[in-house]
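J.: Given next are the chains, with one letter for each unit.
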Amino acid sequence: MTWKQVFTSSIGKKLVMGFTGIFLILFLIVHVGLNATIWANDDGEMFNKAAHFMGATVVPRVLEVGLFLGFFLHIIQGFMLTAQNKSKRPVGYAVDYGNNGSKWYSRSMGILGTLVLLFLIMHIYHFWTPSRLGGWFQIHELTTVTYNGQEYHNLFNEMKMVFTNPLIVVLYILGCLSLAYHLAHGFQSAFRTLGVHNKRYNNMLTGIGYGFSIIVPLAFAMMPVSFYFNWI
Amino acid sequence: MEHYSMNLNLKVWRQKNNSEKGGFKMYRVENISSEMSFLEMFDVLNEQLVHGGEEPIAFDHDCREGICGTCSMYINGKPHGPWQANTTCQLHMRAFKDGDTIVVEPWRAGAFPVIKDLMVDRSAFDRIIQAGGYISVNTGNAVDGNAIPIAKDKADASFAAAMCIGCGACVAACKNSSAMLFLSAKVSHLALLPQGEPERKSRVLDMVAQMDKEGFGACTNTGACEATCPKEISLSNIARLNQEYLVASLTANK
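Chains as they are written, first to last, in my numbering: chain Y, 2 to 233; chain D, 605 to 858.
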C-alpha cells in the first residue's frame, strides 16, 4: 500500500478533508480569540498589538504558511470530491429523498464551502493583503498608529472604515452564516471520518459541534455589526 | 386496523435494457386490498399487463420475508418505501390511501446499472465481498462454540452489523451513491470478532479498494443511509470502518 494509494482512495480523500477541517477549526479558535480584543474598550490598542504580533513574529508566520496549505488542500479536495461524488449517479431520481433522511446542510457542504470561499476572498482583500503585502489591492490607505514610540498598522481603524458600508456588513453576516452551517455538519463529520465511533464521544462531539458552530460564527458576525452601529 | 380497498395510480420506470433510455409510464390498479404487500400489488399489475398483451414489469424479489435483500424499488422518494426499518416486500398497502399516486423507480447509481425496468445489477456488492469479506479457515469438524470467549457487547455489535442483507438501499439513498454503510457493516462484523483478527488489515484495505474500483462515491456522513436501512445498520459502523482503514493503511508493511 503506497502513500498515494492511501490518500487517493475514497476514505483517504475523506481523511484529508477531516484532518484539514480540524486544523481549520483550530485556526478559527485562534482567530476569534484574537479578534475579540476589539471589544477591549481601548480604541483598538490591544487588537493592533495582537495583529502586529501575528504579522511580525516568526512562529505565527510559519503557521500561516501551514494555514494557507490547509485551506488550499481543503478547498481543492472539497471541490474534487463534490464533483466526483456527483458523477457517481448519472441518472437522477424523479422524487428526491430530500430532508427525510438527512439534514439539508449535510448535503450542501460543497455549496456552503463555496460561499465561505467567496467570503474568504473578500475578507483577505479587506484585511490580509493591505497589511501583509503593503500597497497592493487595498481599498483604503492603511493608516498607522504609535504606541510607546513603536509604529503599528492601524487595522482597528481599517475595520472601522470597511464596516461603515452596510452592504459589506450584510455580506460578512452571510459569510458567517454559511460558515455556521458548514461547521454544523463539518465539525462532527470530521471526527467520524477520523474514526471516532464510540457513541458517547460521537454524541459529545455532535453537541460540541453545534455549540461551536453557533458561538464562533456569531462572535465573528458581531464584529462588523459592532463597528457598524458604533458600539466600539 | 380495518381492512379497506383502494384504487391507485402508479408511475413506474420502464427501461427495456441497459443500453436503451428509459422513461416513466402511468398505470392504474383497482380494488387493491390494504392487506396486500407492495409486491403482491405489483403481481396484480403484471397479470393485468400480461392479459392486456403488454410486457410485465421486471423487478427483483426472492424470499418476500424481508431477509434476503433481493427486493429493491425506490418508492415515493425513499428506498423500500415509506416505512422505517422495512423492505419493499414487507411494505403493505395499508401504507397508502385510495387515490394515491405512487412513483416507483429503480436504485440509481452508476455502480448499479439498470438491467431492465426496476431491476439493477448489484453484483458490485458480491465483488466487494469476494475482495475480503470472509475469514479463511480450514474446513473440518465444527469447533465448540465456547472455545473462543467473546465479550457480550462485542458479539452484540458484531451481530447488529451482520444483520446487513446487502440490498443496496444505502447506496440508493446516498447523494454520493456511496457503499460505505454496506462495506462498514461487512468489515465491522468480522473486525469485532477474534475470528476476523488474522485478516483484519488486508480485509479493510482490499474491500475499500474494490469499492472504489466499482465506482461508488465517498461518504460525507449525511446519515441518509442509516435512515433508510431496512436492518437499521448504525452509521457508527462507518466511523469504525474509517478507523480500521486509517490504522491498516498507516501500519501496512507493503
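It is possible that some hints are incorrect.
[Said to hold, decoys possible] 25 Å max Cα-Cα, derived BS3-like pairs, lysine-lysine:
#: 1; chain 1: D; residue 1: Lys620; chain 2: D; residue 2: Lys720
#: 2; chain 1: Y; residue 1: Lys104; chain 2: D; residue 2: Lys805
#: 3; chain 1: D; residue 1: Lys620; chain 2: Y; residue 2: Lys200
#: 4; chain 1: D; residue 1: Lys720; chain 2: D; residue 2: Lys625
#: 5; chain 1: D; residue 1: Lys720; chain 2: Y; residue 2: Lys200
#: 6; chain 1: D; residue 1: Lys720; chain 2: D; residue 2: Lys817
#: 7; chain 1: D; residue 1: Lys756; chain 2: Y; residue 2: Lys200
#: 8; chain 1: Y; residue 1: Lys87; chain 2: D; residue 2: Lys701
#: 9; chain 1: Y; residue 1: Lys200; chain 2: D; residue 2: Lys625
#: 10; chain 1: Y; residue 1: Lys5; chain 2: D; residue 2: Lys625
[Unchecked claim] One-sided excerpt, in silico: chain Y residues whose CB lies under 10 Å from chain D:
#: 11; residue: Lys50
#: 12; residue: His53
#: 13; residue: Phe54
Derived from the structure by calculation, the hints contain no laboratory data. All residues carry an ideal CB built from backbone N, CA and C; glycine is no exception.
J.: Does phenylalanine 54/Y pass the interface hint, meaning its C-beta sits closer than 10 Å to a C-beta of chain D?
T.: At about 36 Å, which exceeds the 10 Å cut-off, the nearest Cβ of chain D leaves the hint on phenylalanine 54/Y violated.
J.: Hint check: lysine 620/D vs lysine 720/D, CA-CA at most 25 Å. Holds or violated?
T.: holds (6 Å)
J.: Given the hinted pair lysine 5/Y and lysine 625/D, is their Cα-Cα distance within 25 Å?
T.: This hinted pair is violated, its Cα atoms lying about 38 Å apart.
J.: Within 25 Å, alpha carbon to alpha carbon, are lysine 756/D and lysine 200/Y?
T.: Distance of about 17 Å is within 25 Å: holds.
J.: Is the hint on lysine 50/Y kept, meaning its closest Cβ partner in chain D is under 10 Å away?
T.: violated (41 Å)
J.: Sort out whether lysine 805/D lies within 25 Å of lysine 104/Y, counting only the CA atoms.
T.: Violated. Lysine 104/Y to lysine 805/D sits at ~33 Å, over the 25 Å cutoff.
J.: Taking only the CA atoms, is the gap from lysine 720/D to lysine 817/D under or equal to 25 Å?
T.: holds (24 Å)
J.: Can histidine 53/Y be said to touch chain D, with a Cβ gap under 10 Å?
T.: Nearest chain D Cβ about 40 Å off; hint violated.
J.: Measure nothing beyond the straight line between the CA atoms of lysine 620/D and lysine 200/Y; if it is 25 Å or shorter, mark the hint as holding.
T.: violated (46 Å)
J.: With the threshold set at 25 Å, check whether the alpha-carbon distance from lysine 720/D to lysine 200/Y stays at or below it.
T.: This hinted pair is violated, its Cα atoms lying about 41 Å apart.
J.: Please work out if lysine 87/Y and lysine 701/D have their alpha carbons no farther apart than 25 Å.
T.: Outside the cut-off at roughly 35 Å; violated.
J.: Given the hinted pair lysine 200/Y and lysine 625/D, is their Cα-Cα distance within 25 Å?
T.: Violated: lysine 200/Y and lysine 625/D sit about 45 Å apart, past 25 Å.
Checked against the numbered hints given earlier, the structure breaks hints 2, 3, 5, 8, 9, 10, 11, 12, 13 and satisfies all the rest.
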